[in-house]
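This is what each chain is made of:
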Amino acid sequence: MDLTPEPNQDDEAVGRLSFDPKGVLDAEDGAVLTRLARTVGAVDPVPEGLVERSLFAMTLAGLEAELMEAVYLDAPLAGVRGAAQAARADDAAPAEAKTITFTHDSLTVMITLSPSAGGRVRIDGWAAPAAGLDVELHRPGVDVVSTESDEDGRFSFDAVERGRASLVVRRTDGGGGAVSTPIIEL
Amino acid sequence: MTGSREALPDVDGSGLTLGDRAAIALTEYRAGNRQALGDLVREATPLLWHTVRAQGVDRDAADDVVQSTWVALVRHAETIAEPKAVLKWLLVTAKRAAWEAVRKHRDDEKRRTELPDDSPEHPMALPANDPPPDAEVLRDERDRILWTSLQKLPGRCQELLRLVSLADRPDYRYISAAIGMPMGSIGSTRGRCLAKLRTILDEQGDFSWT
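So the protein sequences, as listed, match chains A and B.
Residue 106 in my numbering is what sits at position 106 of the first sequence, and the numbering runs on without skipping anything.
Residue 220 in my numbering is what sits at position 34 of the second sequence, and the numbering runs on without skipping anything.
Misleading hints may appear alongside valid ones.
A few chain B residues that face chain A, going by a derived Cβ cut-off under 7 Å, partial list only [stated by the list, open to error]:
1) Val227
2) Arg239
3) Ala240
4) Asp249
5) Gln253
6) Val257
7) Val260
8) His262
9) Val323
10) Asp329
11) Ile331
12) Trp333
13) Ser351
14) Gly377
15) Leu380
16) Thr396
Don't read these hints as lab results, they were simulated from the structure.
As the structure is a prediction and not an experimental result, all values here were calculated from the model.
Using N, Cα and C, we set each Cβ at its ideal position, and we do this for glycine too.
All chains should be built: construct the whole structure from the sequences, respecting the hints.
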């Protein structure tokens, strides 16, 4: 990227002044700047939740887990997003029950999402091969919840708040690295 | 003249600047504190947002650019040569990604224009650029006057004043990176831009801004 400074043309551009441009900032300047910050924020507000979405994406990136691939059995699932275009809150109509399959190398994880009490979502998962797995549920702005798969490779999370989430899966015996699903919309 | 000290952002203060705080956060993150970047993300996201938007990126794309800038920080946390310059690194990364988004948007528009069904019977929608942000959302008269007065300044003045206003204790190193202005001239340019803004405001009537 070219960072060469451009010549300073602001001298002429600014024109006539009735205030001293070399003066120290006074309280009036400060008040104008403070109001300006508020005005900039009101005219073009930072999207709601952008900070939480960024932190969520950073946490997932920091895990250095390999990304699993979502397998589309029939039609592409609206709920699955590429990590790069992490979902925006307003553009996903939540489906009522759905099954998503993720794969990475020899590991396959299938999850079924179904409605749960209070508008929440229940996640039933099944992993193959059925080695003991630690499964973590990551969501923006909330603590990580984790569970272990049983001997058949089954695991579940009941009553999860709707919204964006990603599952991170590790073998309990420490073999292999962590893998994570793309961000899904619950 | 006296006014509320609270209303005065500490632009030239001797305390820690946002750039310093960013450097400390990265150093702590490298030392293994995974939570260290949280406050920085909260504090610097508005700065990244408005920097990206200033490049002409629409809101949806800007959302993605800001998120991927933060993800890039995590991925490059160990390899950023100068933790001290991390805020500058963030702004340069965001700006570069913003330009890429603008270029991609233009390419998409161009490709759409070349579609065969773009005929007078099927007129193509006009480019979906966001309308420029306007002052209609501003309820307070002084806010509206301030906003319209800002638009009368040269573009670089507008960008500089927005950046200066957005951070508590901003520092000139990252402003220099964000708007490509030599660091040595930022102080005097800010003085001129602010004096010009005050001049325009003064012409609009006798308002107290404190």
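Structure versus earlier hints, numbers of those that do not hold, lowest first
Result: hints 3, 8, 11 break, sorted rising.
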